[in-house]
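Participant: The chain contents come next:
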Amino acid sequence: MKRRLTQIGALLITNPYWKGFAGATIYKGPVKYVCHPGLQCYSCPSSVTSCPLGALQNALASMRDTLSAGYFHIGLYTIGFFGVIGMVFGRLPCGWVCPFGLLQDWLYKIPTPKLRVPSFASWGKYVMLVILVISMPVFGSFFNISFTSDSGQLRPVPAVSVNAIGSTYPWYCKLVCPAGTFQAGIPKVLLDPDVRDSLTFWFRLKWTILIVFLLWIVLTPRVFCRVACPIGAIYGLFNRFSLYKLSVDKEACVECDQCVKACPMDITVYKTPNHHDCIRCLDCVPACKLNLIKKGFLRNENPKNL
Amino acid sequence: MKTRKTSSWQVFWLAAVILVLLAALVLGYLITFQKSDSILSLENSIPLENYGPAPDFSLTDIQGNDVILSELRGKVVLVDFWGTWCKSCCDEMPDMDRVYRKYKDEGFELVAIAIEFTRDPEERLQKVKRKVDELGVTFTIVIGDDSVVQSFGGKLENFPQTYLIDRDGHVRKKIVGARKEEYWESLVQSALSE
Chain Z
1 MKRRLTQIGA LLITNPYWKG FAGATIYKGP VKYVCHPGLQ CYSCPSSVTS
51 CPLGALQNAL ASMRDTLSAG YFHIGLYTIG FFGVIGMVFG RLPCGWVCPF
101 GLLQDWLYKI PTPKLRVPSF ASWGKYVMLV ILVISMPVFG SFFNISFTSD
151 SGQLRPVPAV SVNAIGSTYP WYCKLVCPAG TFQAGIPKVL LDPDVRDSLT
201 FWFRLKWTIL IVFLLWIVLT PRVFCRVACP IGAIYGLFNR FSLYKLSVDK
251 EACVECDQCV KACPMDITVY KTPNHHDCIR CLDCVPACKL NLIKKGFLRN
301 ENPKNL
Chain U
1 MKTRKTSSWQ VFWLAAVILV LLAALVLGYL ITFQKSDSIL SLENSIPLEN
51 YGPAPDFSLT DIQGNDVILS ELRGKVVLVD FWGTWCKSCC DEMPDMDRVY
101 RKYKDEGFEL VAIAIEFTRD PEERLQKVKR KVDELGVTFT IVIGDDSVVQ
151 SFGGKLENFP QTYLIDRDGH VRKKIVGARK EEYWESLVQS ALSE
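From first to last, the protein sequence lines stand for chains Z and U.
Its first residue numbered 1, the first sequence is counted upward by one per residue in the numbering used here.
Its first residue numbered 1, the second sequence is counted upward by one per residue in the numbering used here.
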């Protein structure tokens, strides 16, 4: 309950620009230089903060241009932002402030038969991170797809590393991000008739990805966080090292699996309390009947072994 | 009895969610390609509208010359808002350049206004110059700011956006998003043949 209130509070605090919906426009004031720790699209009409993942991709995508113009601007602010949040909290923002996480928590409440995903699916988000967030924006388009006017068909043109024109897209935003489609794409298309003429294959692709994820979210808890969120992937790398940690008294643990049942990310909490998938929703803490799961700053993973 | 009730509720919810989402899917597809003909077809003339007199601006191009829109009265002008950060904008500029070179002697002018996030004026100029070199475009490139976009009634997040201005200085077409060479050519032809 405390968590739900925090999520709703974070949603309200970072989305006060309601008149963005009225004018189909977005806030571009000074607060926009601040990143939201979660997946909240820069282009959402009501958002006053930026998405750290979008900022990272844009910094990486424009790096070639900036460096060749003689300026050493390589996105240190964004990288530092991820580093600071990761080192202090790990994936805690995923469980407590991410608006797309809140949507997933709510959609999962719909009573339907539920589905589990195999654990290797967790690596999907790292594939997204390496390919779409880092490699493609940095090295340009590996493949240059253009939507040709004469035949109306997709024409993939293989290119080695960079295409003729230097800057590239934030590819994760462009190809995949269902949060962006939900928070920014759909409101924009519905509210602003001017942009409807310019929609192409990409919007159709992203719309389909969103629908697939919305359905999947109803069936599997936090499945987007598990398989496709590069922000979670980055924070997840810090989970084992962050100042905020979970710890389990492994000697007293009877492995009753109550914590595993409570965990939306299917983590065996008593074995890996700081697993890279852990969103630190802390649902496992009250689930432990013996009260062996502790949380807090500067904790050893297994205090008895110290 | 109780289990049975729960299970029929579950089926109802599942069916409802799937139906709503599938309806959304179809709706999205319809919206996406509702007007795609206007981008893709090779129609010869594009219907023009009239949005009234274009707002004037006086900006400096990347060679350091002043460019004043009202001094281009008597010519058909395309005002294109772009940015080095906007790949769709950059992608369509070589297409626009081919149209520009074909029609510039017939009273057609193209002014591309770069809107950049970079605040340092020198860095901004270098970035724009480099991008223009890379693209190899020959039309006029000026550096603008958000207020120019807004004076045209444009939204700052709709890039690229292009305005067609006729010989009398009236805005006759607003285009949001990138288009292909064929589109720009028929648009310019429509305005020149009036």
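No wet-lab data here; the hints were simulated from the structure.
Cβ coordinates follow ideal geometry from the N, Cα and C atoms, glycine included.
Check each hint, because a few of them may be wrong.
[Said to hold, decoys possible] Among the chain U residues that face chain Z by a calculated CB cut under 7 Å, a handful are:
1) L14
2) V132
3) E157
4) V176
[What the hints assert, rightly or not] Restricting the straight-line Cα-Cα distance to at most 30 Å, the calculated cross-link-like pairs of lysine-lysine (DSSO-like) are:
5) K174(U) to K32(Z)
6) K104(U) to K19(Z)
7) K102(U) to K180(U)
8) K173(U) to K28(Z)
9) K180(U) to K174(Z)
Participant: Confirm or reject each hint.
Facilitator: Now the hints, each set against the structure:
For L14(U), the suggested interface contact is upheld, since its CB lies about 4 Å from the closest CB of chain Z, less than 7 Å. For V132(U), the interface hint is violated, the least distance from its beta-carbon to any beta-carbon of chain Z being 11 Å, above 7 Å. The interface hint given for E157(U) is met, as the beta carbon of that residue sits about 5 Å from the closest beta carbon of chain Z, less than 7 Å. Annotation: interface hint on V176(U) holds; nearest CB of chain Z at approximately 4 Å, less than 7 Å.
Restraint check for K174(U) and K32(Z): satisfied, since their Cα atoms lie roughly 28 Å apart, inside the 30 Å limit. Distance hint between K104(U) and K19(Z) is unfulfilled; the C-alpha atoms sit about 42 Å from each other, more than 30 Å. About 15 Å separates the Cα atoms of K102(U) and K180(U), which keeps this hinted pair within 30 Å; it holds. Straight-line distance between C-alpha atoms of K173(U) and K28(Z) comes to about 26 Å, which keeps the hinted pair within the 30 Å bound.
Between K180(U) and K174(Z) the alpha-carbon distance is near 20 Å, which keeps this suggested pair within the 30 Å criterion.
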